[in-house]
Amino acid sequence: MTPEQRLCNLMFDEIALTPVLYYNRSIDQIIDFEKNTVKIADHCLVFMIKGIKSKYKQPICYQFCQSATKSHILKALIIDIIRRLRECGLIIVATICDQGTSNVSAINSLIKDTKEKYLRHNKVYKSSVIEIDDTPLFHIYDPPHLLKGLRNNWINKNIRFIFNGEVMMAKWEHLKMLMR
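Its first residue numbered 166, the sequence shown is counted upward by one per residue in this note's numbering.
Hints are supplied without guarantee of correctness; some may be wrong.
To be verified - Derived lysine-lysine pairs resembling DSS-like cross-links, with alpha carbons at most 25 Å apart:
no., residue 1, residue 2
1, K291, K322
2, K282, K322
3, K313, K341
4, K204, K240
Calculated directly from the structure, the hints in this document are not laboratory data.
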């Protein structure tokens, strides 16, 4: 792969599952338990890489869990997966996920760790970049989810703003009128 082809983003998301057990005869194992427990999984956390300048998408890791993955586990998985992808020669530019509670908490913890590292080295931290093993990564919250969240909030709440020194209010009805 060329250096440009190695540029990629790491995306992750959790999907809900119907809790069910499956016996895999070939490996003599019951599938759909949360890893290292006897809890029946009802979610699956999936990690995928997507090329930035190349058209590839590849699921690279999945983990069954009961309810949402805990943020400290998610944080450890993100770090481990990024390190392994780098060992394969890939260049991770950004992480992308929705604004689920565990996701936000894990990303905030990674940002906090980066800030603390900067403070220990008497450096100024000016952004919300994540550093893993001294390599910067950007984090992007999934734009379609952000737009959906904005829409849902706007439907239920009005937006106040100041225009030419006057306090004004934007309502969902205004957007509907604009679209007609």
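- request: Kindly indicate which numbered hints from before are broken by the structure, ordering the numbers from low to high.
  value: 1 and 2
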